[in-house]
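For the record, the sequence lines run as chains A and B.
For the first sequence, the working numbering gives the first residue as 1, with consecutive numbering after it.
For the second sequence, the working numbering gives the first residue as 1, with consecutive numbering after it.
Don't read these hints as lab results, they were simulated from the structure.
All C-beta atoms in this analysis are idealised placements derived from N, C-alpha and C, irrespective of residue type, glycine included.
Some hints here could point you the wrong way.
Claimed, not checked - Computed spacing ranges between beta-carbons, pair by pair:
{"hint": "1", "chain 1": "A", "residue 1": "3", "chain 2": "B", "residue 2": "127", "range": "40 to 50 Å"}
{"hint": "2", "chain 1": "A", "residue 1": "8", "chain 2": "B", "residue 2": "70", "range": "11 to 21 Å"}
{"hint": "3", "chain 1": "B", "residue 1": "37", "chain 2": "A", "residue 2": "52", "range": "26 to 36 Å"}
{"hint": "4", "chain 1": "B", "residue 1": "22", "chain 2": "A", "residue 2": "43", "range": "40 to 50 Å"}
{"hint": "5", "chain 1": "B", "residue 1": "100", "chain 2": "A", "residue 2": "48", "range": "13 to 23 Å"}
Stated by the list, open to error - Derived list of chain A stretches under chain B, where covered just means 3 residues or more per stretch with a C-beta under 8 Å from a C-beta of chain B:
{"hint": "6", "segment": "3–10"}
{"hint": "7", "segment": "46–53"}
Stated by the list, open to error - Part of the chain B face toward chain A, derived, beta carbon under 7 Å:
{"hint": "8", "residue": "85"}
{"hint": "9", "residue": "111"}
{"hint": "10", "residue": "126"}
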Amino acid sequence: MTTLEMIRRGTPDPPHDLWPRLRAQLEAQDDVVRLHVPPIGWSGVAALATAAATLLLVPDPLAFLITSGIL
Amino acid sequence: MTSTVPRRELLAYLIGTGVAGTILVGPYVLRIVAGELFVPGRVLPMVPVVTLPLVWGVWNVLWARRQPVAGVAAWGAILGLLLACFVNLGLAVRGVWFRHAIAMIVFLPLVYWLLWGFVVGPLNEALGVEGQRSPPVRR
Chain A
1 MTTLEMIRRG TPDPPHDLWP RLRAQLEAQD DVVRLHVPPI GWSGVAALAT AAATLLLVPD
61 PLAFLITSGI L
Chain B
1 MTSTVPRREL LAYLIGTGVA GTILVGPYVL RIVAGELFVP GRVLPMVPVV TLPLVWGVWN
61 VLWARRQPVA GVAAWGAILG LLLACFVNLG LAVRGVWFRH AIAMIVFLPL VYWLLWGFVV
121 GPLNEALGVE GQRSPPVRR
């Protein structure tokens, strides 16, 4: 057996029918974006509480929020 | 004319500008409502928040390009800290600085940490901005 024949035998035939693949790819894609929002956790709660406490502590929260660019 | 822009960076810019642009509802709508409800007749100052989407967009592009070790929330907090310092400096230069404006240096990084961690980060992840650094664009 020649080397070329060995290579031909060892390599599977290329898939000529591409439709099953294309169909599978199309089915795998959808128009939905999956958002994975992380759980808020203790650090998130602490950040929220500190931000809220800051608003309670400042004498003029409205002016504070406005200059912060939040409001 | 055709220019080549990495998809991740373009998406990063659009996410940053989109989220910050949505937040502008606060300064442009809620501010007026809150002003009318709580302090009617008072002239409320207007800070240049209109530039916020540009800053957020560019900051998210830098995130996509550099992929720093810090998480996206911390990256946002750094922006909040920079902006808080900038606002305080601006108030001082204009001679309208008030004592409790210094609290912004704590407040703004925390708010930005939350917004970037829970809004920008998940959008970056969902739209494929997170991941490896952008390859250099071939011209």
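*Against the earlier hints, flag every one the structure doesn't satisfy and list their numbers going up.*
2, 3, 4, 6 and 8
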